Amino acid sequence: MSVILDVQALDVRIPLAQGMLHPVRDVSFAVERGETLCIVGESGCGKSLTSLALMDLLPRRAERRAARLIFAGEDLTRASEARMTDLRGNKMAMIFQEPMTSLNPSYSIGNQLEEALLRHRRIGRREATDRAIYLLEKVGITAAASRLTQYPHQLSGGLRQRVMIAMALMCGPDLIIADEPTTALDVTIQAQILHLLAQLQREFKMGLILITHDLGIVARVATRVAVMYAGQIVETGTVAELFARPLHPYTQGLLRCIPVPGRTKRGTHLGSIPGIVPNLIGDLVGCSFHNRCEHAYESCAATDVSQREIAPGRAYRCLLTAEQCAANAAKAAA
Amino acid sequence: MLAYAAKRICLALLVALTVSIISFGLLRLSGDLAQALAGQSSTAADVEALRKAYGLDQPLTVQYLEWAGKVLAGDFGDSFFFKEPVAAMLAQRLPVTMLLGASALTFALVLAVPLGVVAAMRPNSWIDRLALTLAVLGQALPSFWFALMLMIVFGLTLRWLPISGTGTWQHFVMPSIALGYYATPAIMRLTRAGMMEVMASDYIRTARAKGLRMPTVLFKHALRNAVIPVVALAAVQFGFMLGGSIVIETIFALHGVGYLAWESITRADFPVVQAIVLVLASIYVVLTLLADLLNAFLDPRIRIA
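Just so you know, the protein sequences line up as chains A and B, in that order.
The opening position of the first sequence corresponds to residue 28 in this note's numbering, with each subsequent residue numbered one higher.
The opening position of the second sequence corresponds to residue 50 in this note's numbering, with each subsequent residue numbered one higher.
Do not take every clue at face value.
Stated by the list, open to error - What follows is a set of in silico ranges between Cβ atoms, one per label pair, in the way DEER data are often shown:
#: 1; chain 1: A; residue 1: Arg92; chain 2: B; residue 2: Arg262; range: 54 to 64 angstroms
#: 2; chain 1: B; residue 1: Ala249; chain 2: A; residue 2: Ile308; range: 19 to 29 angstroms
#: 3; chain 1: B; residue 1: Phe346; chain 2: A; residue 2: Gly100; range: 27 to 37 angstroms
#: 4; chain 1: A; residue 1: Asp113; chain 2: B; residue 2: Pro191; range: 51 to 61 angstroms
#: 5; chain 1: B; residue 1: Thr217; chain 2: A; residue 2: Leu84; range: 24 to 34 angstroms
#: 6; chain 1: B; residue 1: Arg350; chain 2: A; residue 2: Arg247; range: 49 to 59 angstroms
#: 7; chain 1: A; residue 1: Gln226; chain 2: B; residue 2: Ala54; range: 57 to 67 angstroms
Keep in mind the hints are simulated off the structure, nothing from the lab.
Here the structure is a predicted model, which is why all the values come from computation and not from measurement.
Glycine is no exception: its CB is placed at the ideal position from the N, C-alpha and C atoms.
Next up, chain B with everything else stripped away, as it sits in the complex:
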């Protein structure tokens, strides 16, 4: 298990390194930085002075190492637009996105896994069909439309929940449902398929032949094997939720990373975009690593691989 974990962590570090090189390149490839910093009306001498001041005359490898060193120390540079440290902006926005992503994923798992299990137990029953309908709806409904419907029903008509802002936990309920619902169909169908396959396997017959009661057979012997692919999917979905929550964050006026990314792209605020790409990609790498380790915990056969 330890050897496996060490191997996975090394791989994750390699991926993170690659990601950092790409996001570093992102900024360098977007044109002459010194020219961009100096502005349109600057003289050639100003541009040269800036180039020297920011170290842009150095070879790329030196520039990368300097930049990477700063990033590791938590210094992402300053925003072109706000002239304030990108790190501070991220520190303010990231918790909102993380909270939204985590609660959306929790909602998706709590809804999808039990539904998938029940659907697998009674294939082609009314509950299976209901689950299938929910899944098709989840995949077919645009999330902005679903979010607006939630706002109209629960925010405006019933007045149960606030419709914008980040003040209390209640502010996160509707955005989490809107974001999480989108991930529900895939998780549910994978759980259903996994459970059906596992329930037909020989070791479930063995478990029943031992006289184990149905809950033990289901939850101890079947579900643990059936959720192994679901763990990997959930990690990927969580990554999507963090990076792809722009629409939901905009609709509910949640000032998260997604919203910031969208704003920064429209303003050509490269340092911010670069930092967001780097941070989200790193989170994604960490999530994948965690999913791998969790899978190894669930399935002993993976540990020796």
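For reference, chain A alone in the conformation it holds in the complex:
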């Protein structure tokens, strides 16, 4: 398996009137071809900005910095805007959270699907239409050919999201970034869309970054997981490791918040994490979770915590040792 995307120390900074906002800090991860990396975290933890930073689609005021940002062997930190435009939609594609507003209301589905291919490949409209029909069928849309002349307002949310997925696949990208693709959909449709994404990802051997706040989704589709909190990745690992042996106190807290059929006893309280996320404006010192962490001690507020790698692809961001973390988890479970 080859690494398709390698990110080291990605930072996003946004100057505001109140000071410098640091919504994404020191984010590092890698995605291999044919694997699904889930980035989980609560609202405002920097998941979406991370994905926009990878695509170089950040708001104009935001600054992006990275020690390393290598996509398919190419250094994106040095890529010009013209080069990024050539890559976007072509080698790396994105699916957004809001299918209702992510399609242009004035153009037909066919027009919007075909234009991605016509932009990046030297082919005729006929071939582009054929590809659009093929992919609409792939994403499970019936009567695909007749859909091409329809407009977004004539489709339901679930259908629109399928169209968005087909659109992302038009040029056969190496990497797809899906930013909460099912959040705006009904629960029944969510499952279908996720199943579809996972199946397409395997079929086309793409790398998939799936951004979500739903741990249920993670458990079902992820190969590996990165847990984000307050702009940083606090823990990464394979989905099995992370669910079985969560190390970071935040991950442990998150997992206690979801009921597990058969294990969570009737009548017991589900967990919650007290406190609120820290303000990310200005110079930030110490562990960003220390004010909500039940295991915090004095150094947590004063010492910057870097990622500790305990095995390849398995890392966490805490001053405690892995053994102490595991012991805490065991104590909480008892």
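Chain B: place on chain A using the hints.
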């Protein structure tokens, strides 16, 4: 689309009917027509004879239907003052006003839409501020003063353009600028606001995520959605330009409909005033209809409404 167009056309016809009733009433409400036609020194018998001759003794509905039938055939009656057919007078004046209105609107759109787009691309930049200044000036300067300044600079000092009459296309340049400039601020600000809103929308992000180049994103995906409200505004502005060009027509001695309307009002020449109201209102109705159809063409969501 066809059903939508049919519905719009029916509505437009209804509005036109209402307008015709109002302009018919305009003449009847302005006093006893038979008395007005006969003049002050006439006898009661003369007045009665005239009343019969012109059908003014008939019920109002009959009178209206007769009048409407004639109007549809292009007969607006004779002018009280010139004693010649109103239709002929209009045929002579209307092209001047239409040409002036069309070129003024073109000038306004060509100036305002690109300026609005550029201002929206770079909010609070020098070009945005320049556009804003132009807009404030356009709204603040009285059009007669602006027209006179144009005449002094380009007509008298530089001698580039003729200052009065309708002989050549050059005669229309300054009046069009003077009339069109007034419409520029509203169009520019609406374009700017529309573009800023559209550029922040999710589907523009999608377009960029597809790797489309900036010109495609701007002109294909953004502008088409941003100009939808501008189309309706432009139609209304065009109506204002046709009806409200009296000042400009007077200053530049363009013998258009506006000038004729003003003259006819001062002479109490009711048939002419009535015909002008009817024709301008009908043009306005047609413009609104065209704007609706154009909007439906631009925005597929409108078509099913």
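Query - Which numbered hints fail - result: Hint check: 1, 3, 5, 6 and 7 fail, others pass.
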